[in-house]
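Undergrad: Here are the chains, one letter per residue:
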Amino acid sequence: MKNREVILSTRSLGKYFYDPIKFKVLDNISFEAYKGEFLTLVGKSGSGKSTLLYCLSTMDTSYEGELFINNEIITGKKINELAALRNKSIGFIFQFHYLLPEFTCLKNVMIPALKLGKYSYKEVEERAYNKLDILGIKEQALKPASKLSGGQQQRVAIARALINDPAIIMCDEPTGNLDSKNAQIVFDTFKQIAHEFGQTIIAVTHDNDFSQSSDRTIELADGKIISHEKKNN
Amino acid sequence: MKKSINTDIAFTHIITRKRQTLVAALGVTIGVGVYLFMNSLSSGFGTFSKGEMFKNSPHIKIYKADELSLPLISSDSGHKAVIINPQITTNSKKIINPEELLSRIKQQPYVVNAIAQVSFDAFYNRGKAQLRGNGYGINILEYDAMFKTGKYIVAGSLNRLSGNLNGIIIGSGIAEKLNLGVNDNITVTSSYNVVKVMKIVGIYSSGNSLTDNAKSYMNISAAQQFIKEGPSYVSDIFINVPDADNSEKYAAMLQHLTAYKVEDWKTTNADVLATEKTRGTLMGAISLSILVVAAFGIYNILSSTIAQKINDIAILKATGFAGKDVIRIFLMEALIMGFIGTLMGLMVGSILIAIMSTIYMGGPVGYFPIHFEPALFAKSTVLGLFITLCAGYFPARKAAKVDPVEIFRK
Ligand SMILES: Nc1ncnc2c1ncn2[C@@H]1O[C@H](COP(=O)(O)OP(=O)(O)OP(=O)(O)O)[C@@H](O)[C@H]1O
Ligand SMILES: [Mg+2]
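Chains as they are written, first to last, in my numbering: chain A, 1 to 233; chain B, 1 to 410.
I should point out that these hints are in silico values taken from the structure, not numbers from a laboratory. Here a beta-carbon is modelled for each residue, glycine too, at the ideal position from N, C-alpha and C. Take these hints with a grain of salt, some might be off.
To be verified - To give an idea of the chain A side of the interface with chain B (calculated C-beta under 8 Å), a few residues:
(1) Ile-21
(2) Tyr-54
(3) Asn-80
(4) Arg-86
(5) Phe-94
(6) Lys-115
(7) Tyr-119
When you get a sec, could you build the whole thing from the sequences and use the hints?
TA: This is the structure in structure tokens:
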């Protein structure tokens, strides 16, 4: 697995919180994520995993050090540029699904693509159906998002994250409140996305099975990387 | 056409929150409705009273102003000065060479109408009964062109006066009090003790009792005889211009033509206009305040929508919506509410105007002088939408500043 293409990297990333007291939540984080890699971030509660993910996501810009995506420096870009970049290149999956409740599942999936404006409405609809199909919830497409079970909502959120075929998909505990069967579906989907479509997945998780079967696991403790465990595959 | 996703989201929010939308829209409805109604009232009444004014006074009047007497001997002559009290001269108030002035005025391109008038204090007698009033010597056809006197003739006709040196048209009040009708004779006396028996050729009723009880019209030469003046005597020249609202501009231009006093109706009626302006301002201020209160409705509803939708806003921003998209979404929602509200407000206003216009006020006013004025409808619409935009902007900007990270951490 040498000479793989780097899709995202950080250089000495650090971050402070000032409230209630100043403390360094991320300390000298430098790592690389490769194209088509299924990467997991683990660590004890409070170790800074979510905080790191938000920095990588470009939503949090108050850090020191540098962030690169696609060999391009992201640090210091304007917020509108960052929004456009997220729309095109980054998909998000949150622990608490966060669908827009008054829209149908289908529309929820379509929204980032309509925002991107690359495809016509019809094409976007078709693609959204396709993504929902991959996740096994095509039948729920026209239901309002609020009428779905937690697991179903999570899968709609995954479909939404995939709609623009982003280079990177980031998730914060994507299986946190799924049963083992649903967790397995999500896990298999991630593997497929990474290995078949060459998209990179960066997932924060507490789930040992989940991290163990990923390509690589980075472990954080007190805001520092303590291991870059590499699988030998 | 490709519908923008921002519009789509805005409409979905509006549709799924019908009640809040309606409440916000109703606020605007009341605001716009009241604004339209009050301003129509004010404008309708203003137009009416202006019309009343122009029934028998022109846009611009030329007359000879009173002169103050000067000391008989100038003080630099080395003689002893005679001290006198300056006072109004007894010089006649006539305009010299009115024909020439009138024809020069008529040549001005902006002059719609110009007529000469001779006025005098008149006494109408029948037997021992006597009424005080004013007689006006005019060319009746020109006068009619200016003041539409023909509209108010209730008996006889205007035409019978033209060329009839002995004819007179009197107000209905005079006719009633002296119990006179058309073709009856009336004895008219002037303060110069000229007495003439004239034939009533017409009776008018303008609705204004002050006019109807006092004023009579006759030919210029008849009036000149009453004040023992020759055919060149004229007391006023009346001028109408195309645009009464700009009369002062035309008055200034006319002043170049003559040394006599040129006075526009705004100067003459300054007190009336000031009252009117005060009333208009008052109405405007009240109705605008109501509109502002309505805007607060929009502000409130939108603020609460945004507070409730803060997660949705965070997710939109996370998936690539920029701050300006969020502003657009919520401004659009405000505009939809404002648009619905404004439309309903225009309808409510129209209904109020329609009802008001059926109320009979009596006297010269008749039905309440209120009309559907397109300009006011346009103004209400623009104001309604503008105020909702302003009210929507602040919550929308707050929404645009939502930090998604902060929301996701919770
Ligand atoms: N807004 C904030 N202000 C101050 N401190 C914060 C803030 N958010 C997080 N922290 C602190 O930063 C540290 C890292 O938080 P973070 O949420 O990244 O942990 P985590 O590794 O994701 O934990 P978990 O596994 O419980 O989700 C914690 O000690 C937390 O208390
Ligand atoms: Mg976390």
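Undergrad: Okay, which hints does this one fail, numbers in order?
TA: 1, 7
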